[in-house]
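Enquirer: Chains as they are written, first to last, in the working numbering: chain X, 1 to 84; chain P, 101 to 184; chain F, 201 to 284; chain Y, 301 to 384; chain E, 401 to 484; chain A, 501 to 584.
If you're looking for bench data, these hints aren't it; they were derived computationally from the structure. You can take every hint at face value.
So the derived list for chain E, only partly shown, Cβ under 7 Å to chain A, looks like this:
no., residue
1, E418
2, A450
3, I457
4, Q461
5, A468
6, A471
Derived coverage of chain A by chain E (criterion: at least 3 residues anywhere in the stretch with Cβ under 8 Å from a Cβ of chain E; other residues may be distant):
no., segment
7, 503–510
8, 530–536
9, 541–550
10, 558–568
Note that this is a predicted model, so its numbers are computed, not measured. For every residue, glycine included, the Cβ atom is placed at its ideal position computed from N, Cα and C.
What follows is each chain in one-letter form.
There are 6 protein chains.
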Amino acid sequence: MSDLQLVPGNSLRTATPEEGRQLAVKLARLIIKLTQPDAEIRQRQRAIYADDPRMLIAIGQTVAAEFATIAAANDYWRTPPVVP
Amino acid sequence: MSDLQLVPGNSLRTATPEEGRQLAVKLARLIIKLTQPDAEIRQRQRAIYADDPRMLIAIGQTVAAEFATIAAANDYWRTPPVVP
Amino acid sequence: MSDLQLVPGNSLRTATPEEGRQLAVKLARLIIKLTQPDAEIRQRQRAIYADDPRMLIAIGQTVAAEFATIAAANDYWRTPPVVP
Amino acid sequence: MSDLQLVPGNSLRTATPEEGRQLAVKLARLIIKLTQPDAEIRQRQRAIYADDPRMLIAIGQTVAAEFATIAAANDYWRTPPVVP
Amino acid sequence: MSDLQLVPGNSLRTATPEEGRQLAVKLARLIIKLTQPDAEIRQRQRAIYADDPRMLIAIGQTVAAEFATIAAANDYWRTPPVVP
Amino acid sequence: MSDLQLVPGNSLRTATPEEGRQLAVKLARLIIKLTQPDAEIRQRQRAIYADDPRMLIAIGQTVAAEFATIAAANDYWRTPPVVP
Numbered sequence: 001m002s003d004l005q006l007v008p009g010n011s012l013r014t015a016t017p018e019e020g021r022q023l024a025v026k027l028a029r030l031i032i033k034l035t036q037p038d039a040e041i042r043q044r045q046r047a048i049y050a051d052d053p054r055m056l057i058a059i060g061q062t063v064a065a066e067f068a069t070i071a072a073a074n075d076y077w078r079t080p081p082v083v084p
Numbered sequence: 101m102s103d104l105q106l107v108p109g110n111s112l113r114t115a116t117p118e119e120g121r122q123l124a125v126k127l128a129r130l131i132i133k134l135t136q137p138d139a140e141i142r143q144r145q146r147a148i149y150a151d152d153p154r155m156l157i158a159i160g161q162t163v164a165a166e167f168a169t170i171a172a173a174n175d176y177w178r179t180p181p182v183v184p
Numbered sequence: 201m202s203d204l205q206l207v208p209g210n211s212l213r214t215a216t217p218e219e220g221r222q223l224a225v226k227l228a229r230l231i232i233k234l235t236q237p238d239a240e241i242r243q244r245q246r247a248i249y250a251d252d253p254r255m256l257i258a259i260g261q262t263v264a265a266e267f268a269t270i271a272a273a274n275d276y277w278r279t280p281p282v283v284p
Numbered sequence: 301m302s303d304l305q306l307v308p309g310n311s312l313r314t315a316t317p318e319e320g321r322q323l324a325v326k327l328a329r330l331i332i333k334l335t336q337p338d339a340e341i342r343q344r345q346r347a348i349y350a351d352d353p354r355m356l357i358a359i360g361q362t363v364a365a366e367f368a369t370i371a372a373a374n375d376y377w378r379t380p381p382v383v384p
Numbered sequence: 401m402s403d404l405q406l407v408p409g410n411s412l413r414t415a416t417p418e419e420g421r422q423l424a425v426k427l428a429r430l431i432i433k434l435t436q437p438d439a440e441i442r443q444r445q446r447a448i449y450a451d452d453p454r455m456l457i458a459i460g461q462t463v464a465a466e467f468a469t470i471a472a473a474n475d476y477w478r479t480p481p482v483v484p
Numbered sequence: 501m502s503d504l505q506l507v508p509g510n511s512l513r514t515a516t517p518e519e520g521r522q523l524a525v526k527l528a529r530l531i532i533k534l535t536q537p538d539a540e541i542r543q544r545q546r547a548i549y550a551d552d553p554r555m556l557i558a559i560g561q562t563v564a565a566e567f568a569t570i571a572a573a574n575d576y577w578r579t580p581p582v583v584p
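Chain X on its own, in the form it takes in the complex:
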């Protein structure tokens, strides 16, 4: 497999829900990067996503799925975060 790092920081723990959400977006993007490694093509594709309502929704579903896992990993940020 490519040596692209798929989990930034190699951890699912984040200090806050906001950071967890950003991690979810990154995880989703990194899978796209793994499958389409060419940065220029990805740049062009991002314009396609942004203009297609159907794809925007599908991206939202992906992020929701990644976030579900990250939220569970952080016990939904119920307890005060421990600095990793």
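Given the coordinates of chain X, assemble chains P, F, Y, E and A onto it according to the supplied hints.
Expert: Just chains P, F, Y, E and A, lined up with the frame of chain X:
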């Protein structure tokens, strides 16, 4: 990444299921906003969603997924809510 | 956001699985109503759903997702329900 | 809402995984029946599903989702079933 | 309903993750068999799946969903398996 | 069924989230390999995935689903990993 706040209030806790559901809708919309930052284009796209049964259903699937996480984060509002 | 109530009764608790399933259907429909507030258009769209096997399946997926959350919220109705 | 019963037996408990799987199929079909109440049209649609690989897969996804909930409701049939 | 057995062995317990994964594939295929009982047609459809990247991905999503349930049923094979 | 191994190492346990993510990608690819065993055709299909934004998103959804299971199996890597 953009400096758009992705989790309003930076918390998944809400006082009631109704507020949890509204948060789910907001989370879903904010990912769309992140991917398509142009407000005018999003306004046009919302008209497209609203007229396309297939997209309406897909939006429903996204909200359902976001809500599942929020509901778990609030222990399904089983216990009386603590004001955050 | 619209002032449409998204969770009827503002609770995920139901007395029985049957009522939980009906709530799942309502939750799914209310997101469609939120996105397409025009009752007449929704009426026309419902005829489109009903005639398109692909959409019927997609609606089923949405209800399944909503129901998963409601069932968990009710501890799968394992214990006798407490009247809410 | 229609008076169609959406959860046969009004219970998610089944004696075995096999019965749980059959219940998952029924739950999925009942949502289709709720949305398309005409038996003759549903009959025609079933022929369409059966011939379209894409729809067959989508039906499989719906059943998988329903089954996940039913399996959790039965604690994955780990303990000997109690006759309901 | 058809008398096709939907859960081989009528159990979600498997000795290993590998066997759990194979069971997930079987569960997914059996729902297709239930909806399309004609073996010859299914054979033709399998060729269609195999050549269509979109369907290959969708099959992967179905198996992932089935496997999630099976893995939970086996407590993720954390503890040494008990021969069923 | 084919004698292709579907779970590398026959375990869902990994030392880190990064390795868990890589396993998720592998699990997803192995289902595609099971359904389309011809390496040359898969190679051609991978070029198709990489150029189609919609498929890239769908692959992301599959990996997210596989990763959810793997993350749960590893208790979200909360506790220091035990070398398997």
